[in-house]
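These protein sequences, in sequence, are chains L and Z. Residue 309 in this note's numbering is what sits at position 309 of the first sequence, and the numbering runs on without skipping anything. In short: position in the second sequence from 1, add 1000, done, that's this note's numbering.
Please keep in mind that the hints were generated in silico from the structure rather than gathered at the bench. Note that the Cβ used here is the ideal one computed from N, Cα and C, for glycine as well. Each hint should be verified, as a subset may be incorrect.
[To be verified] Beta-carbon label-pair distances, calculated as ranges:
no.: 1; chain 1: L; residue 1: Phe-197; chain 2: Z; residue 2: Pro-1034; range: 32 to 42 Å
no.: 2; chain 1: Z; residue 1: Phe-1018; chain 2: L; residue 2: Ala-297; range: 33 to 43 Å
no.: 3; chain 1: L; residue 1: Thr-92; chain 2: Z; residue 2: Leu-1009; range: 13 to 23 Å
no.: 4; chain 1: L; residue 1: Ile-322; chain 2: Z; residue 2: Phe-1098; range: 49 to 59 Å
no.: 5; chain 1: Z; residue 1: Trp-1053; chain 2: L; residue 2: Ser-65; range: 21 to 31 Å
no.: 6; chain 1: Z; residue 1: Leu-1012; chain 2: L; residue 2: Gly-35; range: 44 to 54 Å
no.: 7; chain 1: L; residue 1: Val-444; chain 2: Z; residue 2: Leu-1009; range: 49 to 59 Å
no.: 8; chain 1: Z; residue 1: Ala-1064; chain 2: L; residue 2: Tyr-204; range: 21 to 31 Å
no.: 9; chain 1: L; residue 1: Ser-498; chain 2: Z; residue 2: Leu-1009; range: 53 to 63 Å
no.: 10; chain 1: Z; residue 1: Phe-1098; chain 2: L; residue 2: Asp-89; range: 49 to 59 Å
no.: 11; chain 1: L; residue 1: Leu-185; chain 2: Z; residue 2: Ala-1064; range: 14 to 24 Å
no.: 12; chain 1: L; residue 1: Ala-297; chain 2: Z; residue 2: Gly-1020; range: 38 to 48 Å
Read off the chains here:
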Amino acid sequence: MNRISDRYWQITGCRSSEYFTKNQAYSMNQAGNIGADLFVISPEIALASAGFVAVILGLLSSRVSRHVVLAVALAGLASCLMFAWQLWDSNTAAFGSMIKSDNFALAFLVIFVVGAALSIMLAFNHREESYLLYPEFVAIALFATIGMILMAASSNLLVLFLGLETLSISLYVLAGINRTDEHSLESAFKYFLLGAFASAFLLYGIALIFGATGSLDLGALLKSGTGFRTENAPLLFIGSLLVVVGLGFKVAMFPFHMWAPDVYQGAPAPIAAFMSTGSKAAGFAAMLRVMFALTDAATSQLLQVFWVLAVLTMFFGNITAIAQKNVKRMLAYSSIAHAGYILVGIVAWNQVGLSSVLFYLLSYTFMNIGAFGIIAYLGSKDKEFCDFSDFKGLGHERPWLAIAMALFMFSLAGLPPTSGFLGKFYLFSAAVKAGHIPLVIIGVINSMISLYYYLGVVVVMFMKESDGTSRPKLKAPVVAVSLAAAAIGVLGIGFFPSRLMATLETLISHVL
Amino acid sequence: MLYNFATILVFLVFGCLFVGVNLLLSRLLQTRNPFPMKVSTYECGELPEGDSWIQFNIRFYVIALIFLIFEVEIVFLFPWAVVFKHLGTFAFVEMMIFIAILLVGLAYVWVKGDLEWDKPKQVPAQGLLP
Chain L
1 MNRISDRYWQ ITGCRSSEYF TKNQAYSMNQ AGNIGADLFV ISPEIALASA
51 GFVAVILGLL SSRVSRHVVL AVALAGLASC LMFAWQLWDS NTAAFGSMIK
101 SDNFALAFLV IFVVGAALSI MLAFNHREES YLLYPEFVAI ALFATIGMIL
151 MAASSNLLVL FLGLETLSIS LYVLAGINRT DEHSLESAFK YFLLGAFASA
201 FLLYGIALIF GATGSLDLGA LLKSGTGFRT ENAPLLFIGS LLVVVGLGFK
251 VAMFPFHMWA PDVYQGAPAP IAAFMSTGSK AAGFAAMLRV MFALTDAATS
301 QLLQVFWVLA VLTMFFGNIT AIAQKNVKRM LAYSSIAHAG YILVGIVAWN
351 QVGLSSVLFY LLSYTFMNIG AFGIIAYLGS KDKEFCDFSD FKGLGHERPW
401 LAIAMALFMF SLAGLPPTSG FLGKFYLFSA AVKAGHIPLV IIGVINSMIS
451 LYYYLGVVVV MFMKESDGTS RPKLKAPVVA VSLAAAAIGV LGIGFFPSRL
501 MATLETLISH VL
Chain Z
1001 MLYNFATILV FLVFGCLFVG VNLLLSRLLQ TRNPFPMKVS TYECGELPEG
1051 DSWIQFNIRF YVIALIFLIF EVEIVFLFPW AVVFKHLGTF AFVEMMIFIA
1101 ILLVGLAYVW VKGDLEWDKP KQVPAQGLLP
C-alpha cells in the first residue's frame, strides 16, 4: 500500500518539490533502475516503435507501398521476439513489480506475436483495392499485441486492466476498420458496447479483490502484511468471480459469448482471425495470472464454477455451430467451443493441464488463423466468400487451398496427425489425471459433435460440384506464405510435440 | 475489514437522504406557476431556437477527440513541469517522446483532413507527399 502511494506521489508530483528533496535518494535509485526496467518491456517498445513507423509511413505518402509497411511490421515483430529471447529465463520484474516477464509471460508473448504476424500478412491485400487502410491496420494490430503482452506479463491487477483496455480499444477499431461496410460497423459497435460492459465487471472485481486483500499486487495479494484475513474469503471469491466474468468475455466462454458470432461474421476475415486467437489467449493468460495469486480455497471454488462453465461452453458452441450456414459464423461458435476445451485443462489444474492450455492456445492460433485465412484468401473486391455453398467445388478449382482448409478443419476437429489432436489429447489426459472423468467424457462427446460441421466444409469442397461462382484472382504471395506458415505450424506441432510440451511443463512448474 | 466499509454505507445513506429530503421539502414548500417564458431553456439570454433533442453533427465528436490529444498532454505536462528540476534529463527525454507520440496523432488528423470543418468527401491523396 505504502509503495503504491509513494509511486503515486512520485508520478504525479502532487506533493511538489519538498517531497522530492526528502526522497532524493529514493528517486535517484529509481532512475538508476529505469534502464533495467525498460529492458524488461523492450519487446513492447519494439512493437510500439514499429506501429508508429507504420502510421508515419502511411501519412507520408499513399505511394509508400504496402510492402514497406509489411516489412516494418514484420521487423518489429521479429525484434520483439528477439528481445523476448534475451529475457528468457531471466525472470525479472520491472517498475516496482508491476510487470513480470517470466517464462510464462514470454511463452504467451510468442503466441501473440505469431498470431499478429500471420494476421498482418493475411490482411496484405484483403479484398483488393477496397481495403485501403493497411498502415492503420498494421499499427493498431501491433498496439493490440502490446495490450495482450501486458496482460500476460501483468503482476498487478491495474496493469492487467491497462493491458485489457489497450487490447480492447484496438480491437473495437479493428472490427470497424472497413468504414463503408455496415456489417463491419455493426460488429464494431456491438463489440464496443458489450466490451465496455465486461470491462466494468472486471474493474468491479478488481475493486472487491482489493477490498478483501488490501493489495493489487498479484505477487503479494495474500502474503502476510497485506489486509487479507480468512473472514474476507467470500469477498475475495466474489471479486475473482467478477474478474472471471470480465476475462470470460474476452475468451468467449459460455454465458459471455453473445458478441462472438456477430463480431466475427461482421469483421473482415483477417481481423476476425486476429481477434479470435489473440484475445482468447490473452484472456486465458490473465485468468491464470489472477488464479495463481488466489488462495487455494478460492481457486478450488473457482474451478468448480469452471467445471460447469466448461460443460455449458462446449455444448453450446458445438450444438449451435451445427446449424450455421456461414463458415465465419460457424468458426465463431467453434471458437466458443474451443474456449470450453481449454477450460477443461484449467479445471484439471495440474502441471500437464496448464501447460496443455498453452499448447492448445498455440496450436489454436495456427489452425484458426489458417481457417479464417482461407476465407480471407477467397474474398474478392465485392464480397467475402464465406457461405458453405461458396466452397462448392473448391477442391477441383484450387486443390492446394482446399487441402489446406481440410487440414485446418481436421485440426479444429481434433483428428491426428494435427496439432489440434495432440492439444485435445493433452487437455483431456490432464483432466483424467486430476480425476475429472465425466468432464472428459463430455469433452469427447463434444469433439464428435464438432466433427459433423468441420467435415461438412470438407465434404462441400471435395464432393460437391461448383455452381459456377467466379473465383477471385490469386492473391499476393505473402498471403499464401501466411497460410503455408499456419499449415506448417499445425503439422509441425502435430508431428513434434514433445519438445514444446516439455518446455511448457517446466515453465508452468515455476509458476504453479 | 468489512467493518471499514461501514463508513461508505453511512455516506451512501446520508447522501440519498440529503438529496431526497431536500427535493421533498422543496416540493412541499414551492409555489407552482409555470408560464412559457419560465419553462423555456435558458441560453445565455438568447431566445431559444428549436428543440435541444436534435442530432449533433458527427464532426463535433472528431473535434472532441482532437481536443483529447491536447488535454491528455496537458494533464501529464503540468506535474512534470512542476518537478522538472528534480527529474533531470531522463524525464525530459521521456516527455519529449511522449509529446512526439501525441504529435503523430495530431499530424494524422491533419493529413487526413479532419481539421477542416468541411472535410473533403474523398481524401484521395492520403499523404503529405504528392
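Exercise for the section: Using the Cβ atoms, figure out if Z:Phe-1098 sits within 49 to 59 Å of L:Asp-89. Expected result: 32 Å, violated
Handout entry: Cβ separation of Z:Ala-1064 and L:Tyr-204, checked against the hinted range 21 to 31 Å
Key = The hinted range 21 to 31 Å holds for Z:Ala-1064 and L:Tyr-204, with Cβ atoms some 27 Å apart.
Practice task
Hint says 49 to 59 Å; check whether the CB-CB distance for L:Ile-322 and Z:Phe-1098 agrees.
Solution key: 52 Å, holds
Practice task
For L:Ala-297 and Z:Gly-1020, compare the CB-CB distance with the range 38 to 48 Å and indicate the outcome.
Solution key: Given about 41 Å between the Cβ atoms, the range holds.
Practice task
Take a look at whether the Cβ-Cβ distance between Z:Phe-1018 and L:Ala-297 falls inside 33 to 43 Å.
Solution key: 41 Å, holds
Problem - L:Gly-35 and Z:Leu-1012 - C-beta distance against the hinted 44 to 54 Å - result: The hinted range 44 to 54 Å holds for Z:Leu-1012 and L:Gly-35, with Cβ atoms some 47 Å apart.
Practice task
Could you see if the CB distance from L:Val-444 to Z:Leu-1009 stays within 49 to 59 Å?
Solution key: 50 Å, holds
Problem - Range hint compliance [Cβ, L:Thr-92 to Z:Leu-1009, 13 to 23 Å] - result: Between L:Thr-92 and Z:Leu-1009, where Cβ atoms are some 43 Å apart, the hint is violated.
Handout entry: Distance restraint hint 14 to 24 Å, applied to the beta-carbon atoms of L:Leu-185 and Z:Ala-1064
Key = 20 Å Cβ-Cβ, so the 14 to 24 Å window holds.
Exercise for the section: Go ahead and decide if the range 53 to 63 Å is satisfied by the Cβ distance of L:Ser-498 to Z:Leu-1009. Expected result: At roughly 57 Å between Cβ atoms, Z:Leu-1009 and L:Ser-498 fall inside 53 to 63 Å, so the hint holds.
Exercise for the section: Starting from the range 32 to 42 Å, see whether the pair L:Phe-197 and Z:Pro-1034 falls in it by beta-carbon distance. Expected result: 39 Å, holds
Handout entry: Verdict for Z:Trp-1053, L:Ser-65 (Cβ pair) under range 21 to 31 Å
Key = This hint is violated: roughly 48 Å between Cβ atoms.
Violation of the numbered hints given earlier is confined to hints 3, 5 and 10; the remaining hints are satisfied by the structure.
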